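All chains, full assembly: derive it from the sequences and hints.
Residue numbers (the numbering used here), protein chains in the order written: chain W, 1 to 81; chain X, 1001 to 1275.
No wet-lab data here; the hints were simulated from the structure. Small disclaimer: the values here were computed from a predicted structure and weren't measured. Any given hint might turn out to be false.
In silico SDA-like cross-links for lysine to any residue, where the CA-CA straight-line distance does not exceed 25 Å [claimed, not checked]:
hint : chain 1 : residue 1 : chain 2 : residue 2
1    : W       : K41       : X       : L1063
2    : X       : K1086     : W       : G68
3    : X       : K1261     : W       : G68
4    : X       : K1086     : W       : R23
5    : W       : K70       : X       : P1083
6    : W       : K8        : X       : F1062
7    : X       : K1225     : W       : M1
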Amino acid sequence: MTDYWLSKMFFDLQSPAAAAEFRADRDKVLSRYPIADEVRKRVLASDVAYLARRTNPYLLRYFFFAVGMKDEEFIRKLRDG
Amino acid sequence: MASLVGAFAASHGPLLIREWEALPADQKQRLKSGFEELGRRIAAARSDVLVVVSPDHWSNFFLDNVPAVCIGVGESNDGPPEPWMKGFPHRELPGHPAFALHLVREAMTEGFEPSVSHRLKLDHGVCIPLWRMGLERLPRIVPMIVNSIEPPLPTLTRCLAWGKQLARAIASFPENLNVSILATGGLSHSIGEPTMGAIYEDFDRETLRLFGRAESELVDYLERKLPSSGNGSEEVRNWLVAHGAAGGRGFELVDYLPVPKVIVGCGFAAWRVPA
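Now the structure itself:
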């Protein structure tokens, strides 16, 4: 099931300025999107596998790349989930 | 009249830029040679226009509106928006509005309904091959965006049909124009899914072989194997467009190599186009 607002935030964070803002103040950026509380918690916890079930895989990868997660960790979290 | 003078395919992938310097020397040399050979052929064919068939990697379209096919009809399109593509030498790439609009009109006449854009951001899918080909003079670029990113995707047979239609539209354009097609993407790779990093070399090699066989054989194989060969492999749709445009005559495989460092099975092909 696609989570539109989660996906929208990931889409918007492709902009380097937006990604920098997110890294500086995640709550502030998250508050702009009507994302469900549980999903929001999983974003803050970098729960890759949970989020993978709710968005496009390319957007997922772009988001975690933008926030600085190395591919090795990203892949491990995807598989472990 | 316009003529189809070449049809080519080349892989793309962000790590072909971000990890370029870290690639093993032999693989880097083969990739460089593959791209440059296609660039040499595009130049030798005196291509005035290059129709680049590529996906949109969430650079132009979002879930609000995901076209199956979009043709760029603008005077110009923007260079890549990705920050790691900032070294790409063109911030703006001239298009060919009259030719592109002709493609759209002809498509609609034949029952194809592409979306239309007067200004696209040409992301790494288009620009990595253009960059690595090292073309001294860039032909006018007419982008044809085919969705291989967000399901539902256009069917494989529809992509072949698009290619055939594209060839007819090129042939009916009334001005003298040399047109080449460049399909980008594939072969196997997996992005943002648990198999990320996998390259399905057997799938790649069999797919490449079947481009020389009957269309039905190729499509049957892809329909069976694509769902288990990595989501990036869906970009083979772009190769099918080129294949259809070239009349299904098969191609010369310029090179193929799986490159774990860029997590893509990298292919380079040049179709035999009708004289």
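Item to complete: Check each numbered hint from earlier against the structure, then list the numbers of those it violates in ascending order.
Response: none
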